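Undergrad: Mind docking chain B on chain A? Use the hints.
2 protein chains.
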Amino acid sequence: MSEKTEAAGAVSDDGLAERHNARMARKKEVVDKKIAAAKRDAGVLLVTCGNGKGKSSSAFGMVARALGHGMKVGVVQFIKGAIPTGEEKFFRRFPEEVSFHVMGEGYTWETQNRERDVEKAQLAWARAKELLTDDSIGLIVLDELNIALKYKYLDVQQVIADLRARPAMQHVVVTGRGAPPELIEAADTVTEMQLVKHAFAAGIAAQPGVEW
Amino acid sequence: MSEKTEAAGAVSDDGLAERHNARMARKKEVVDKKIAAAKRDAGVLLVTCGNGKGKSSSAFGMVARALGHGMKVGVVQFIKGAIPTGEEKFFRRFPEEVSFHVMGEGYTWETQNRERDVEKAQLAWARAKELLTDDSIGLIVLDELNIALKYKYLDVQQVIADLRARPAMQHVVVTGRGAPPELIEAADTVTEMQLVKHAFAAGIAAQPGVEW
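Listed in order, the protein sequences are those of chains A and B. When we follow this note's numbering, the leftmost residue of the first sequence carries the number 7, and every step to the right adds one. When we follow this note's numbering, the leftmost residue of the second sequence carries the number 7, and every step to the right adds one.
These aren't lab readings, by the way, just hints derived from the structure by calculation. The reader is advised that the hints may include incorrect statements.
Note that the list lumps identical chains together, so a pair holds whenever it fits in one copy or between two copies.
Said to hold, decoys possible - With a straight-line cut-off of 30 Å between C-alpha atoms, the simulated DSSO-like cross-links for lysine-lysine are:
1. Lys40 to Lys95
2. Lys135 to Lys156
3. Lys78 to Lys34
4. Lys33 to Lys156
5. Lys156 to Lys203
6. Lys78 to Lys135
7. Lys78 to Lys95
8. Lys203 to Lys95
9. Lys78 to Lys39
10. Lys156 to Lys39
11. Lys45 to Lys158
12. Lys158 to Lys135
13. Lys33 to Lys78
14. Lys95 to Lys39
Fair warning: this is a prediction, and the values are worked out from it, not measured in the lab.
For reference, chain A alone in the conformation it holds in the complex:
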């Protein structure tokens, strides 16, 4: 065992290493089988929901991944829009690669006007449909669409029909609290971001680069 290892206090002995290697070999078998079974290439419909932090940011991480693979990306933000976010400022640097549309006016509890929220959501969906019929776009982020569906600003069946009609290899990520069950049913990959704790509770304000 190297000095470096001891210095940082890692736990290690020969028995542990052997057991670890045996366990990893079994794990490799399981993982290999799973991967071998998942062979089909297809556009994936992802939904991120729940009360925890990470829904929109995970979608924007996928934007970075997609750009790294040379794909073109579309983003429609349904609710956010009152203040310019870090993600907007950053991805607008690449107008050839990212088509970025901020269609909201802040969270609905800030606007307090249902008619206006509905109209804004309809306009945003029209923009989303343009992206959903463009097969040069590899990944689309529909940020906070779940909230627009939760408050019935949009009809969930129409939204699902439009999503199903998209190009076969196009990926779509839908984010936000309150994802309707019909959308979860239609999706391929769904993650519920569970709040374990949040810095707000410790009195820390929303920090640029973290929350926006």
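TA: Chain B alone, transformed into the frame defined by chain A:
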């Protein structure tokens, strides 16, 4: 109500709009109070854990946010590294802004060599410590560090001590399954990404731009 709204089948009537507005007004009060209470600026320690998709991608979304706000970012990938990812290819475009370190050799069940995994993790931590003592770096991603802690490749108390000693305004995101309770206790914001479903189960292979 506009024709556009009716065309997309949104549910709306005057009573609904009134109830909605009253509800949103109450919600605004609650949210405003919470935000007013969270006033302190501080570097945030975030942990993303759980079995669902979105742990690393949410960290990389925060990288995009931070870059949008003009911050410098450091990334250390503890486990991944066997294949070049989209996030690596993309963020390496900005060497002045992002210091990107891939220190792993793939998942541990691929390597099956504990000694080597421990050594790699120690080297990765040494790199992380350089970033954690550099106050020009606003956000650090320690990708899959949780896995290195889970397998005791690193000592959790030493890791927490080093995290606590970082510059006051530096944000750190730690990702990966199996976050140890001590790290969750030390963190400000913790999200557990819960697997609701995954495209693998439907036979869809890991897609570039989504999983890597």
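Undergrad: Which hints from the list above does the structure break, by number from lowest to highest?
TA: Going through the list in order, the structure violates hints 3, 9, 11 and 13 and respects the others.
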